[in-house]
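Enquirer: Going down the list, the protein sequences come from chains A and B.
Residues 186 to 424 (this note's numbering) are what the first sequence spells out, left to right.
Residues 186 to 424 (this note's numbering) are what the second sequence spells out, left to right.
Bear in mind the hints are in silico, worked out from the structure with no lab data behind them.
Model, not experiment: these values are computed from the prediction.
You may find that some hints are simply not true.
So, partial list: chain A residues that the calculated Cβ filter (under 10 Å) puts toward chain B [to be verified]: (1) Gln-207; (2) Ile-351; (3) Lys-354; (4) Leu-361.
Per the computed footprint, the stretches of chain A lying under chain B, defined by three or more beta-carbons under 8 Å from a beta-carbon of chain B, are [said to hold, decoys possible]: (5) 221 to 229; (6) 241 to 248; (7) 331 to 340.
What follows is a list of derived Cβ distance ranges for each label pair [stated by the list, open to error]: (8) A:Asp-279 x B:Lys-211: 39 to 45 Å; (9) A:Ile-403 x B:Gln-225: 52 to 58 Å; (10) A:Arg-284 x B:Ala-220: 24 to 30 Å; (11) A:Asp-214 x B:Ser-248: 28 to 34 Å.
C-beta: ideal position from N, C-alpha, C; glycine also.
There are 2 protein chains.
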Amino acid sequence: MESSHRNLTQQVVHELGRKIMQGSYKVGDSLPSEADLCTQFDISRTATREAVKMLTAKGLISSRPRQGIKVVDSKHWNLFDVDVLNWILLGKPDLYLLRHFLQLRLGIEPEAAYLAAQYAQEDELAAIENALARMKDATNGQDDTHEADIEFHQSVLSASNNPFFIQLKNFITTALKVNIRFTNRMIPVTVAEYQAHVDIFELIKNKKPQAAFDAAMITQRATLAIVNEQISVLENKAL
Amino acid sequence: MESSHRNLTQQVVHELGRKIMQGSYKVGDSLPSEADLCTQFDISRTATREAVKMLTAKGLISSRPRQGIKVVDSKHWNLFDVDVLNWILLGKPDLYLLRHFLQLRLGIEPEAAYLAAQYAQEDELAAIENALARMKDATNGQDDTHEADIEFHQSVLSASNNPFFIQLKNFITTALKVNIRFTNRMIPVTVAEYQAHVDIFELIKNKKPQAAFDAAMITQRATLAIVNEQISVLENKAL
DNA sequence: ACAATAGTATTTATAATACAATTAAAAAGG
DNA sequence: CCTTTTTAATTGTATTATAAATACTATTGT
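Construct the complete structure from the given sequences, taking the supplied hints into account.
Expert: Next up, the structure:
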C-alpha cells in the first residue's frame, strides 16, 4: 500500500485528495457525509473530521452544516501544495497538463537563474555544480540522470535566495516528473541538454544575470514549442 | 473583531497562523500543547486539534506524540496559500519582503501577458479592458485606483488560461497590496503607469506575445530597480 | 563505567457519545 | 402565490475514555 505507515487521518486525506485531483469527485460534487465516510473507512468521526479539515485547508473542499462536504471550484485549490502536486502526479499523463507546467516553468526558472546570478553564495554554486557532476556521471541508468536533473533545477531555485522561488521547488520537481513520463519515450536525455545546463551554470557563476535568464528562456521555449506542436498534431487528428 | 463570525476552529487557525507568520512563534519553537491551547482559548480539544490539523495541512507546524506541536522550517510553508499570504500581509511592511514579491512577479506577470496574448478569449479581453476603464475613472480616491489596478493584474492572469497562473492571483494581489503600503507614501499612481498598462493590453489584444512580455518585463524591472536602490541606501546607512 | 534493555511518563491519536448550531427544504399561514 | 414558520439533516463543539507513540529514566548485565 505505501500509506500504511501513516496515521489514519492522513491515509483518509491522501485517499480523498487523490480522488478529487483525479476527478472521481468533480467540482461541485458532494462527498459522502461525515457519517458515511466514517462507515466507508471504518474510522471514528474524530479522524474523519480532521481529514476533512486538512483538505479544507488545502482548498479542495468546503464543509457546511446541512449542505455537506463539497468539492469547491478548482480556482481555490492550492496547486502549489506538495500533497496536491503529488495527487496530480498520480493521474494519467496529459499533454495539456504538461503544457501548463511548462508554461509556468518558463516564468519561474529563467528568473530564478537571473536571481541566482545575482545572489548565489559559494555553497549554493557548489550544489549546482555537484548536480551537474552527477548528471554527467550517470551514464548507466536513466533514473539517475533524471534525479540529477531535478537536483540541478532545485539547486538553482535555492540559489535565488528568494523564499517564494524556494517554495516552488515542489512545483518544478513535479513538472519535471510529468515531463519525464513523456520524454522517456520520446526524447532521450541528450548531450546538448546537458551542455545547456552547464552553460546556464557558467553564466550564473560568472554573475551574468541577463545572459543566464536568456539561456534558460531559450531552452525552455524550445521544449514548450515541441509540446505545442504535439498538441497541434493531436488536435488536427481529432478533426 | 472581524473573525467573530467564523467558527471556533477557524478563529484559532487564524490566530495561531498569524502569530507564526509574524514570528511570535519562530521556526523550531514549540507551541503550547493541545491541553494548554484548550485552556488558553477556552475551547474543547476537538476544536483545538482541528485547528492544529489545518495549520499542519498548510505546512506551518508538525504535531507528534511526546514531541508536541512545533513550527517547522519555513521551506515547508505553503506561501501561496491565501490564508498564509494574508497573515504575511498583517505583518510590518518590509523592503526585503517587497523585493521578494517583486522578484516573483517579474517571473510570473510577463509570461502571463505572453500567454494572454496567445490564448485570451473575448470575454477575458473585455475584463482587462474593464479594469483599465475603472482605473481611468477612479480619479477621486487612491483606493479605487489600487483596486482597479489589482483587478487589471488579476484579469491578465485569468486570460492566460493556465490554472497555475490563475492560482497565483492570490499571490499577485498580496504583492500589490504590500507594494501599495510603500508606494502610497513614496510614488503616486502616475499617468505613465496607467499608460504602461494600456500598452500591455493593446499588445495582448493584438496577439503580440513577445511584445507584451517585453513591455511587462520592462515596467517591472524598473519597479524592482527602485526597490533595490532603496535597499542599497538603507544598507549603506547601516554601515 | 558503559551499553543494551526495559520501564515510565508525557503527549498526541483515535474512539464514542451527547448536544448545539446552522441551514436547506418542507409545511403552514396569509 | 408569496411569506413565514417549522422541521429535519448535517456539521460544529464539548466531554470522556483509551490507545499509540516516543523522549526520558532506570535497570540490568558485562
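Enquirer: So, for every hint listed, does it hold in this structure?
Expert: Consistency of the hints with the structure:
1. Because the smallest distance between the Cβ of A:Gln-207 and any Cβ of chain B comes to about 15 Å, over 10 Å, the interface hint for this residue is violated.
2. Contact between A:Ile-351 and chain B, as hinted, is supported at the beta carbon level, the nearest pair being about 6 Å apart and thus within 10 Å.
3. This hint holds: A:Lys-354 has a C-beta 8 Å from the nearest C-beta of chain B, less than the 10 Å allowed.
4. Taken as an interface hint, A:Leu-361 does not check out: its beta carbon lies about 15 Å from the nearest beta carbon of chain B, beyond 10 Å.
5. Closer than 8 Å: that is the beta-carbon criterion, and the region 221 to 229 of chain A has 0 residues meeting it against chain B, so the requirement of 3 is violated.
6. Here's how the region 241 to 248 of chain A fares: 4 of its residues keep a CB closer than 8 Å to some CB of chain B, so the rule of at least three is met and the hint holds.
7. Requiring three or more residues with a Cβ within less than 8 Å of a Cβ of chain B, the coverage given for the region 331 to 340 of chain A is violated, as only 0 such residues are present.
8. As the Cβ distance of A:Asp-279 to B:Lys-211 is approximately 41 Å, the hint placing it in 39 to 45 Å holds.
9. Distance hint check: the CB atoms of A:Ile-403 and B:Gln-225 are about 56 Å apart, consistent with the given range 52 to 58 Å.
10. Taking 24 to 30 Å as the suggested C-beta distance range, the pair A:Arg-284 and B:Ala-220 does not conform, at roughly 50 Å.
11. Taking the beta carbon of each, A:Asp-214 and B:Ser-248 are about 30 Å apart, inside 28 to 34 Å as hinted.
Violated hints, in rising order: 1, 4, 5, 7, 10; the structure is consistent with all others.
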